[in-house]
Each structure stands twice: as structure tokens, then as C-alpha cells.
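Enquirer: The two chains are supplied separately, each in an independent frame; assemble them into the complex guided by the hints.
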Amino acid sequence: MNRVLLEQKVLSENDRLAASLRERFRENDVFCVNLISSPGSGKTSLLERTLAVLPKDANVAVLTGDIQTENDAARLKRFRFPVKQITTGGTCHLDARMIDRHLADWKLEDLDILFIENVGNLVCPSSYDLGEAAKIVVLSVTEGEDKPLKYPSIFFKSELLILNKTDLLPYVPFDPDLCEENARKVHPNMESLRVSCLSGAGFPEWLRWLEQRRAAFLKSKRELVEQV
Amino acid sequence: MHEMGIANSVLEAVRREMRRYPEARPANVGLRIGEMAAVDQESLRFCFEALAAGTDLEGLQLEIEICRRRHRCKDCGNEFNVADYEFQCPACGALSSECISGDQLELAYVEIEEHESSTVGAKSSQ
Numbered sequence: 001m002n003r004v005l006l007e008q009k010v011l012s013e014n015d016r017l018a019a020s021l022r023e024r025f026r027e028n029d030v031f032c033v034n035l036i037s038s039p040g041s042g043k044t045s046l047l048e049r050t051l052a053v054l055p056k057d058a059n060v061a062v063l064t065g066d067i068q069t070e071n072d073a074a075r076l077k078r079f080r081f082p083v084k085q086i087t088t089g090g091t092c093h094l095d096a097r098m099i100d101r102h103l104a105d106w107k108l109e110d111l112d113i114l115f116i117e118n119v120g121n122l123v124c125p126s127s128y129d130l131g132e133a134a135k136i137v138v139l140s141v142t143e144g145e146d147k148p149l150k151y152p153s154i155f156f157k158s159e160l161l162i163l164n165k166t167d168l169l170p171y172v173p174f175d176p177d178l179c180e181e182n183a184r185k186v187h188p189n190m191e192s193l194r195v196s197c198l199s200g201a202g203f204p205e206w207l208r209w210l211e212q213r214r215a216a217f218l219k220s221k222r223e224l225v226e227q228v
Numbered sequence: 001m002h003e004m005g006i007a008n009s010v011l012e013a014v015r016r017e018m019r020r021y022p023e024a025r026p027a028n029v030g031l032r033i034g035e036m037a038a039v040d041q042e043s044l045r046f047c048f049e050a051l052a053a054g055t056d057l058e059g060l061q062l063e064i065e066i067c068r069r070r071h072r073c074k075d076c077g078n079e080f081n082v083a084d085y086e087f088q089c090p091a092c093g094a095l096s097s098e099c100i101s102g103d104q105l106e107l108a109y110v111e112i113e114e115h116e117s118s119t120v121g122a123k124s125s126q
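Protein chains in written order, with our numbering: chain A, 1 to 228; chain B, 1 to 126.
Next up, chain B with everything else stripped away, as it sits in the complex (with noise of 0.2 angstroms):
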């Protein structure tokens, strides 16, 4: 149960980042989890909506983008998906590889409705 303090971290984040546009409102927001995270998805939604109910964020999309166990092969530089933990490499069968991955826990993106656009679409400094 720390989806409860993740779901806070991201809240924090967005009204961090909103700052910048104050006459904006954020209608998503896009994280990615990768399946090693050990964050459960459905408890994170739970949490997420639960806080943000009855705050400016009510309302507030979460996107959620699960990222699959990758691995790059020593011997080939092959990247293959990570199955059930077999790590030979498709390509040329070594056994030899490097996790590049799947254990990521970010945040992506967030999405904002304003009725001056001419200030958004710039990467964020952070």
C-alpha cells in the first residue's frame, strides 16, 4: 500500500508544474510504470481519485503506460521483451544480457486546457 504516497507524489508534481500556467487547467496526466515497479495499478487509480476528490485536481485523468522488462544483449546489442524470465537473446541465443527496462516508475507527461496556448508546448526545465 505506498500507492497511497506515490498517487501524493504525483498531486505534488502537477501542482507543481501548473504553477508555470496558472491560467491553465490540467486535464490528464501520463505516467509510466514499468511491471518490476511493484506499483499496482488499479490501488494507484483508487488512490489517485481519492485524493484528488474535493481538491483543485478533482477530476484529473491518470494515464497510465505499463512498460515491459527489456533487455540489450552483450554479445549482439539485440533488445528483445523480457517473458517470463528468459533471457536468452532471440537473435543470437547468448545468455549474456543487460536489464534496460521495466522497473521505471516516471512521470510522463501532463496535459493542460488554457485558453493561451502561446506559452505551452515547451519541454519542461525540470
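Here chain A stands alone, though its shape is the one from the complex (with noise of 0.2 angstroms):
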């Protein structure tokens, strides 16, 4: 018997190309979002007040995923962004190569945000790379204040923690506080904000990071180029 040596990811096709996805954003100023959480956690509707306040003329794209259906992508089209459904099928996940599909026939030099809402789920789409600068756990108050313990993977990748329906906190024995410790007990350096999509609480803090990480991930490039 011999061993041969492969020594590479098991997702390599995806990773591959996922890092050309990342190139085509980087080259073309686009900073792109991967939104994850379960199902019912409030994307959809964190993208559709995102979409309701954010300047009519904004260069803003939105791919949204789910197993059937075109409803989240009929909610989402209301704003006049551009808008497109990905249906798996069954697939729990997106994948690199249905964003890279779905982008076929959108100019990206025309966009300077691009969210991806992925499949409701919080263990499969931690492991497959999209290309986004930045991936994001959306947690609502009626779930446990223990998830990120429980599901690790995903808030360890996620870079924000967005804890969604603040309106609901009279009403439930939930302890904000408690989940963004345990969030950071996964993930140290995690951030976290607290938003209502109900009322709009949280939502300038919301706009606020989303333009910081932008500019540094635009200043990030130019550094790049910089020193090449």
C-alpha cells in the first residue's frame, strides 16, 4: 500500500472559485455581504428596510437564496434594485459557482455593494466561500442566547453579529447582553449590533458599519496596488 500526499481542501472547486469571485469584486471596487442565519432570523427583512433607506440612486444589488420560491426576490424587487432569486432546489446552501452564474448578465463595475442573502440555515453555508469581503450571523431574540455555542462554525467565520427584533425584547426572556458574550466566547474580536427592522433601531449604526468596512476595504486595495 502507498500513501500519496494531497494536502488540499476538500472544497477546493468552490474555494477556487470563490477566490475568483473575490478578484472580479476587488477589481471592480464592489464590496460584497454574505447574510446568514437560520430560517425566520429577519435577512429578508433587514435587506428590505436596508434597501428602504439607502439613497434611490445607490449602486446596490441584491442575491437572495432559498430552497423554492421567488418570494423573497418579489419583496426585495419593490425597491428598484437590481434583484435576483437564486432557487437551489434543495441545495441548503449557496455555493461560489451559483453566485458566479447568477452574476453573468450584471455589469459589476456598475455596483458598489452587493448583498448576498443565503439559504435560512446556520451550519452549511459556514463552509462554503462566496467571495464576500464579509460574512454576517443574523441572531434573533426568540431564538437561544446560547446559539452562538451551539452552532460555532458560523459566528466564528462571521466577522458582525447583527442581533435582530430588539422590539420583541419586552415580550421574551431573552439576555442580549449574554448572547454577544457568548458570540465573542467563539469568536474574541466579533462585532455586534442590535438592530429592529420593525421600528429602525439600530439602523444608522447599521448603515454606519456597512460604509466603514466599504472604505476600508476600498483603502485596503489601493494599499495593495500600492505596493505592487
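Incorrect hints may have been included.
Said to hold, decoys possible - With a straight-line Cα cutoff of 25 angstroms, these simulated SDA-like cross-link-like pairs (lysine to any residue) come out:
no., chain 1, residue 1, chain 2, residue 2
1, A, Lys77, A, Arg16
2, A, Lys9, B, Ala94
3, A, Lys221, A, Asp29
4, A, Lys185, B, Ala94
Hints were generated in silico from the structure; no laboratory data involved.
Expert: Okay, here's the thing in C-alpha cells:
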């Protein structure tokens, strides 16, 4: 018996395609975020309110993933930004190939921000790089504070935790401080924001986060170019 | 249930590698899975066997090494396993450390049986 060392990532095909997407986003100055949560945590509502408050001439687009139906795209298209539904037909996560295919007829040079709304699932999407600049995990206050400890992978890989539905805090026994503390046990430097898509609380901070991170993304590119 | 896709990627990688050894047959394939990789071992084995059945890779054995979450202390450089989200360095007590292992999903090796053994043993070019 001979052992041949392979030393490669199992999902190297996805990673290769994700790297080429990341390169294209970088070339075209597109700041891309990948939103991940359990079903029903409010990813679509977060995007609806975000699109509603962004300037009408903002260069923003959304790819939204679900196993079936065009419902989310229909909700998001009302805001007149480019929106495309990705229906996976059963697959529990988006992969880089799906993103690549659905970007085919969009001009990346016309975009500043691309939101990817992943399929509602706190486990599988964490394994698939989509070429994004940042993963964002959304958790709602009707879930448990210990979710970061139960599903560490996605919290470890995400840069931002958005605690959603804070308007319900008076009615549910949920301790947001404890939840954020648990998230930082898994990922010590993780940032967090608290929002309500119903009242709009926390949205100025969320928009500021997007703007600051996008600026940092553009700056890191300029520094890279200067080094070369 | 993304284990089906992962199992499929493993089988594809083995087939790709085996093109270099047309006379040989793969017996075992080794994976390294971090405890934070969000991959269920039993589910992966089930999918792997289901996909390999009735193909050229039927009977290929999956060998899985689970990798612990390991951190390196930023103060003293000590490396330690993390259990129950306890990040304090056991050597110097510092709380500042970085993760160095535990979320990997890697194909480590394939073990092959062949008649002419002279061409194998070299590190894969991939």
C-alpha cells in the first residue's frame, strides 16, 4: 500500500471559484457581504429596511437564496434595485458556482455593494466561501442566547453579529448581553449590532458599519496596488 | 445536509488523483475535519458510501481525523487545545490568543494498491 499525500482543501473547487469572484469584486470595487442565519431570523426584513433607507441612486444589488419560491426576490424588488432570486431546488446553502452563474448578466463595475442572502441555515453555509468581503450572522431575540455556542462555526467565521427583532425584547426572556458574550467566546473580536426592522432602531449604526467596512475594503485595495 | 456535496467533492478529488496512477486502485482516503468545521462525521460517511456504491470507487474506505480547536498565545507563543470556549493560556494566563487549527476540511491522503509501486510515493503536485 502506498500513501499519496494530497494536502488540499476538500472544497477546493468551490474555493477556487470563490477566489476568482473575490478578485472580480476587488477589481470592480464591489463590497460583498454574505448574510447567514436560521430560517426566520429576519434576513429579508433586514434587507427590505436597508434598501428602503438607502439613497435611490445607490449602486446596490441583492442575490437572495432559497430552496424554493421567488417570494423573497418579489419582496425585495419593490425597492427598484437589481434583485435576483437563486432557487437551489433542495440544496441547503449557496455555493460559489451559483453566485457566479447569477452574476453573469450584471455589470459589476456599476455596483458598489452586493448583498448575498444565503439560504436560511446556520450550519452548511459556513463551509462555502462565496468570495464575500465579510460574512454576517443574523440572530433574532426569539432564539436562544446560547446559539453561538451551539453553532460555533458560523459565529467563528462571521465578522459581525446582528441581533434582530429587538422590539420584542420586552416580551421575551432573552438577554442580549449574554448572547453577545457567548458570540465573543467563540470569536473574541466579533463586532455586534442590535437592530429592529420594525422600528428602525440600530439602522444608522448598521449603515455606518457598511460604509466604514466598504471604505476599509477600498483602502486595502489601494494599499495593495501601491505595494505592487 | 451539505455532507452530500462534501462527499461528492472527496470522490471527485480521488478520481482526479487516480488518473495519475491508471494501474492502481485506491483503498483508503484520509480527511482532516476540524471540530468547528460544521461537518457531521456519520452523515458524511453515509453520503460517501451511498455515492461510491456501484461506481469505480465502491469499497473505498474513508478515514477521518478530527482536529481539535487549537490556539496560540499571543504573549508567550504557547499552543494549547481549547475546550468549552476557555481561551486562557494554560502556560502564562494571558487571554489573548489566535486560532491556528480547528475549522479545517482537508483531504490529507489517498492510499493506493498497485502492481508497479515505483511511480508512487511522491508528493502530489496539487
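Enquirer: If a hint holds in the structure, say so; if it doesn't, say that too.
Expert: Going through the hints against the structure:
| no. | hint | result |
| --- | --- | --- |
| 1 | Lys77/A to Arg16/A | 31 angstroms, violated |
| 2 | Lys9/A to Ala94/B | 32 angstroms, violated |
| 3 | Lys221/A to Asp29/A | 9 angstroms, holds |
| 4 | Lys185/A to Ala94/B | 15 angstroms, holds |
Hint violations for this structure: numbers 1 and 2, all remaining hints satisfied.
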